[in-house]
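Peer 1: Sequence:
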Amino acid sequence: MASRLEINFVRLLSRCESIASEKRVETEWRLEKYVGALEEMLVALRKSPSKPTPEVLTEYTRKVDFLKGLLEAEKLSSATEKALANQFLAPGRTPTIANERMPATKTVHMQTKARCTGEMRDELLGTGSSDKGTSDLRNRRCVPLDERQSAAELDAVLQHHHNLQEKLAEDMLNLARNLKSNSLAAQNIIKQDNQTLSQSMRQADMNFEKLKTESERLEQHTKKSVNWLLWLMLILVSFTFISMILFIRIFPRLR
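Oh and the sequence shown: position 193 is 252 in this note's numbering, straight run, nothing missing.
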């Protein structure tokens, strides 16, 4: 069951999405204040003992970041910068309240993208909304053919740039996936190498112990062999000495 803090957070988030979907004037201050309050409530929600699941928290964070990015994009001076900033905004993936068919942030994103595209078109054609007299005069008469052609060409250019941006985003996503797969493969290889190195070190330790044991046995065997050889030489020298004495006794020196 959702806590009281989460219920208030969802209500304020739904209110912020509703305000963002409306056409606002530059002096509108409520949305910025509400988003600041949402950030504070989100921090408190993360620390709450009855906090929602990590997936829900991630979705809440995604929507709050979208609203923050939307406010920051609206503060940009150029329509081109606004359109480019809106391209990188990531709306929520799930509805905030139950009666929403589509996530409100996704609807706001599409509306903002269309509005920025129109402003950028007007900016490129030199038909700013500030020039109301010229705009009213143009609305009262038919649009010239060359201007319609220019607008069509501009739409084609904008669509081309939009396609390029989507392709660039897709390429970046594929690159990130490739980097992730390569890093995982390198991690597996390093892990296997570490296991092989560990086995080699264990085998080297076992071989060292065996070599030490054999060296001790060889040293003992060598000591035994030296002892037998020494006794044999002593016996041989003694036998030779005794033989010489007997030979001298048996065969005295000739006079």
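Simulated from the structure, these hints should not be mistaken for laboratory data.
Fair warning: there could be bad hints in the mix.
What follows is a list of derived Cβ distance ranges for each label pair [what the hints assert, rightly or not]:
| # | residue 1 | residue 2 | range |
| --- | --- | --- | --- |
| 1 | Asn-67 | Leu-243 | 48 to 54 Å |
| 2 | Ala-157 | Gly-95 | 22 to 28 Å |
| 3 | Lys-271 | Leu-305 | 50 to 56 Å |
| 4 | Glu-91 | Ser-242 | 38 to 44 Å |
| 5 | Ser-137 | Glu-91 | 17 to 23 Å |
| 6 | Ala-157 | Glu-131 | 26 to 32 Å |
| 7 | Ala-157 | Asn-233 | 34 to 40 Å |
Calculated lysine-lysine pairs in the PhoX-like style (CA-CA distance at most 25 Å, straight line) [as the list claims (entries may be wrong)]:
| # | residue 1 | residue 2 |
| --- | --- | --- |
| 8 | Lys-82 | Lys-106 |
| 9 | Lys-134 | Lys-82 |
| 10 | Lys-250 | Lys-271 |
| 11 | Lys-239 | Lys-172 |
| 12 | Lys-226 | Lys-271 |
| 13 | Lys-106 | Lys-134 |
| 14 | Lys-92 | Lys-106 |
| 15 | Lys-110 | Lys-134 |
In this text, all values refer to a predicted model and were calculated from it rather than measured experimentally.
Backbone N, C-alpha and C define an ideal beta-carbon position, used for all residues, glycine too.
Peer 1: Indicate, hint by hint, whether the structure satisfies it.
Peer 2: Comparing the hints with the structure gives:
1. Asn-67 / Leu-243: 48 to 54 Å: violated, 41 Å
2. Ala-157 / Gly-95: 22 to 28 Å: Once the Cβ atoms are compared, 26 Å apart, the range 22 to 28 Å for Gly-95 and Ala-157 holds.
3. Lys-271 / Leu-305: 50 to 56 Å: Holds - the Cβ-Cβ distance for Lys-271 and Leu-305, about 51 Å, lies within 50 to 56 Å.
4. Glu-91 / Ser-242: 38 to 44 Å: Check passed, 39 Å falls within 38 to 44 Å.
5. Ser-137 / Glu-91: 17 to 23 Å: Between Ser-137 and Glu-91, where Cβ atoms are some 21 Å apart, the hint holds.
6. Ala-157 / Glu-131: 26 to 32 Å: holds, 30 Å
7. Ala-157 / Asn-233: 34 to 40 Å: Taking Cβ atoms as reference, Ala-157 and Asn-233 lie about 36 Å apart, which means the hint holds.
8. Lys-82 / Lys-106: violated, 35 Å
9. Lys-134 / Lys-82: Answer holds: Lys-134 to Lys-82 is near 15 Å, not above 25 Å.
10. Lys-250 / Lys-271: violated, 31 Å
11. Lys-239 / Lys-172: violated, 31 Å
12. Lys-226 / Lys-271: Distance ~66 Å between Lys-226 and Lys-271 Cα, so the pair is violated.
13. Lys-106 / Lys-134: Given pair Lys-106, Lys-134 is violated - Cα atoms ~32 Å apart, limit 25 Å.
14. Lys-92 / Lys-106: holds, 22 Å
15. Lys-110 / Lys-134: Distance ~33 Å between Lys-110 and Lys-134 Cα, so the pair is violated.
Consistency with the previously given hints fails for numbers 1, 8, 10, 11, 12, 13, 15, ordered from lowest to highest.
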